[in-house]
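2 protein chains.
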Amino acid sequence: MINNHRYCVIMCGGIGSRFWPYSRTNRPKQFIDFLGTGRTLLQMSYDRILPIVPKENIIVVTNAQYAPLVKEQLPDLQDDQILLEPARRNTAPCIAWAAWHIAARDPEASMIVTPSDHLITREREFETSIIKGFEFVENNNALLTLGIKPVRPETGYGYIQIGDKVDDSISKVKTFTEKPNLELAKVFLSTGEFFWNSGIFLWKAATIKEAFHKHASNIATQFESGAEFFGTAREKEFIENQFPACASISIDYAIMEKAPNVYIECVTFGWNDLGTWSALYDNSSKNKDHNVAQNCNLLAYNSTGNIFAVDGDKLIVVDGLKDYIVADAGDVLLICPKSEEQRIKQMVNDANLKFGDKYL
Amino acid sequence: MINNHRYCVIMCGGIGSRFWPYSRTNRPKQFIDFLGTGRTLLQMSYDRILPIVPKENIIVVTNAQYAPLVKEQLPDLQDDQILLEPARRNTAPCIAWAAWHIAARDPEASMIVTPSDHLITREREFETSIIKGFEFVENNNALLTLGIKPVRPETGYGYIQIGDKVDDSISKVKTFTEKPNLELAKVFLSTGEFFWNSGIFLWKAATIKEAFHKHASNIATQFESGAEFFGTAREKEFIENQFPACASISIDYAIMEKAPNVYIECVTFGWNDLGTWSALYDNSSKNKDHNVAQNCNLLAYNSTGNIFAVDGDKLIVVDGLKDYIVADAGDVLLICPKSEEQRIKQMVNDANLKFGDKYL
Numbered sequence: 000m001i002n003n004h005r006y007c008v009i010m011c012g013g014i015g016s017r018f019w020p021y022s023r024t025n026r027p028k029q030f031i032d033f034l035g036t037g038r039t040l041l042q043m044s045y046d047r048i049l050p051i052v053p054k055e056n057i058i059v060v061t062n063a064q065y066a067p068l069v070k071e072q073l074p075d076l077q078d079d080q081i082l083l084e085p086a087r088r089n090t091a092p093c094i095a096w097a098a099w100h101i102a103a104r105d106p107e108a109s110m111i112v113t114p115s116d117h118l119i120t121r122e123r124e125f126e127t128s129i130i131k132g133f134e135f136v137e138n139n140n141a142l143l144t145l146g147i148k149p150v151r152p153e154t155g156y157g158y159i160q161i162g163d164k165v166d167d168s169i170s171k172v173k174t175f176t177e178k179p180n181l182e183l184a185k186v187f188l189s190t191g192e193f194f195w196n197s198g199i200f201l202w203k204a205a206t207i208k209e210a211f212h213k214h215a216s217n218i219a220t221q222f223e224s225g226a227e228f229f230g231t232a233r234e235k236e237f238i239e240n241q242f243p244a245c246a247s248i249s250i251d252y253a254i255m256e257k258a259p260n261v262y263i264e265c266v267t268f269g270w271n272d273l274g275t276w277s278a279l280y281d282n283s284s285k286n287k288d289h290n291v292a293q294n295c296n297l298l299a300y301n302s303t304g305n306i307f308a309v310d311g312d313k314l315i316v317v318d319g320l321k322d323y324i325v326a327d328a329g330d331v332l333l334i335c336p337k338s339e340e341q342r343i344k345q346m347v348n349d350a351n352l353k354f355g356d357k358y359l
Numbered sequence: 000m001i002n003n004h005r006y007c008v009i010m011c012g013g014i015g016s017r018f019w020p021y022s023r024t025n026r027p028k029q030f031i032d033f034l035g036t037g038r039t040l041l042q043m044s045y046d047r048i049l050p051i052v053p054k055e056n057i058i059v060v061t062n063a064q065y066a067p068l069v070k071e072q073l074p075d076l077q078d079d080q081i082l083l084e085p086a087r088r089n090t091a092p093c094i095a096w097a098a099w100h101i102a103a104r105d106p107e108a109s110m111i112v113t114p115s116d117h118l119i120t121r122e123r124e125f126e127t128s129i130i131k132g133f134e135f136v137e138n139n140n141a142l143l144t145l146g147i148k149p150v151r152p153e154t155g156y157g158y159i160q161i162g163d164k165v166d167d168s169i170s171k172v173k174t175f176t177e178k179p180n181l182e183l184a185k186v187f188l189s190t191g192e193f194f195w196n197s198g199i200f201l202w203k204a205a206t207i208k209e210a211f212h213k214h215a216s217n218i219a220t221q222f223e224s225g226a227e228f229f230g231t232a233r234e235k236e237f238i239e240n241q242f243p244a245c246a247s248i249s250i251d252y253a254i255m256e257k258a259p260n261v262y263i264e265c266v267t268f269g270w271n272d273l274g275t276w277s278a279l280y281d282n283s284s285k286n287k288d289h290n291v292a293q294n295c296n297l298l299a300y301n302s303t304g305n306i307f308a309v310d311g312d313k314l315i316v317v318d319g320l321k322d323y324i325v326a327d328a329g330d331v332l333l334i335c336p337k338s339e340e341q342r343i344k345q346m347v348n349d350a351n352l353k354f355g356d357k358y359l
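Residue numbers (numbering that gives the first Met the number 0), protein chains in the order written: chain W, 0 to 359; chain R, 0 to 359.
Because the hints were derived from the structure by calculation, they are not lab data.
Do not rely on the hints blindly, as some may be mistaken.
Identical chains blur together in the list; that is why a pair holds if it fits in one copy or across any two.
[To be verified] Okay, derived cross-link-like pairs now, EDC-like style, lysine to aspartate or glutamate, Cα gap no bigger than 20 angstroms in a straight line: (1) K313 with D330; (2) K148 with E192; (3) K321 with E340; (4) K357 with D310; (5) K353 with D312.
Required output: the full structure, derived from the provided sequences and hints.
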């Protein structure tokens, strides 16, 4: 039986600029059928959590401009399950709002907080891990983060070093390390003490509220000032006034790297943050020429190792292209070597400077 | 004063398959603002002839499916100035119909026949040459073709060798030669006796009708059988029944290479048949990186020598592409090295086989 005090917060406000123009401000990555499965990343995140928490306890936090997309893609959500941020303020204010909102509804609540735009495989292991995590945070004054066992010396992820073990999968956190260089990543991999930071968290609403009071008191004070409004008709107005005044700061920086009661559950399900075109390429099915064709018909000659990502059914005919990204969406077409993808953000800036924001 | 017996026939039924997908069956090359001038190639052909023949004597022959495009682009045309072919039958039947149609309206008519999808520069010289040509065919029982003085050993064009001179620019035709190899083209260029076949013709309607009777009698017989219908309400029905039964044959093959009274006027205006992407590239204005951007905003990095041709205002962001064709129109995107453009026809065939005709 599903525990009615368990909640899920799906963070869904990102703009996915690294995948521009396939992901655009008006329809970011999490709202796209990014892997060609027939479900968008947001829908996959929702489907994945359904066996674990009651449907009515799933809360989506997103930017106000995406309200229509969320309602269209998750028609079962009630309006009070969608928290609309009036401004983009990174993850800490987003999570604080969700915590105050949920705690007002259920003081005994525990919650999982998860991004909406990652890939997770081996969902049975995911389910088992999440349930164990819920049980741990419900019985301990703990902030729990999920760590993924690394399978390659990835330099694009954050790493968490484990400390004293609680049991075979849960430990105290010793250190957080942002993206290491390749040499360091190889050392991390070899020691067995380092795990990828998945950005998936579990805690009791009361525990994370307390952590905000201790480690990010400005944010706690702002939300506490509206304590009486959460769960009432005045919550929306309060948020519209207060939220934009919050500092823009990540939950890792505001809480996780400071709090003494941070734990890691080392999990074994498959995970990829789909943070780069190369990651998308690696996680997509390829044809015999090792090309990936997302949402398009492809006729390729002398072309291998490319990823074609298209918004809307289209025929792409390509000759003599190797290891490129071809992304076509609405009024923007990007053609860029996969090896240069880290420059796409600069290209978006250049487009903005030269042509204004209509292409963002 | 403009001579009221002079007519112009603009042939406008081609499908421009070499420029697929920029040129597509539903909107071929001649209906596109192919050079980014603000006027389509058809409109430019019309504008060019306006100072020479009376507006009401300009006849456009096209495939029935393009009637709306012709009317939209040339709103001054009356319905009886647009001849709609019920089937594609190459240039000889097209020209025969126009000749019978015009002769019925004006037995003294002379006419220029011109493609609608070529580039012509130095239009004052064009005007002078055409008027001289009209005067020649009006005073002689002559079929006159315009020859362009070659400026490079082009292997993609047909050549005409001049024979006995009539005056400083008009001569009898000695031979026609289809696309020569490079060696031969260089010889042609060096002798000064060979001129590019422009596909622009002048003659009296009566002279070309007589030539059809002598050299393509099947076609002449077909059109003669409806002599009473031309210029009447029954012309349309007659054509719909008879035209599809015509042999599909070019005017060069049916008449010009056979008739004894064929002359060439060697002209000096600039001309290009815009028959290849490379020709379009050469005749388009380039930015500092030697890229051509047709109908699009371009943000190019490490990219030179490309041509970007887009249907509809779009932003193209490209990195690391050299000497490519990028053509984007509706639901088709083509990316192909300029050096491989002769393979595009095969790609169109492949697309047709694999996905049906929806992308043609």
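Each hint tested on the structure:
no., hint, verdict
1, K313 with D330, "both (14 angstroms within a copy, 5 angstroms between copies)"
2, K148 with E192, "within (9 angstroms within a copy, 79 angstroms between copies)"
3, K321 with E340, "both (14 angstroms within a copy, 18 angstroms between copies)"
4, K357 with D310, "both (17 angstroms within a copy, 18 angstroms between copies)"
5, K353 with D312, "between (29 angstroms within a copy, 15 angstroms between copies)"
The structure fails none of the hints (numbered hints given earlier).
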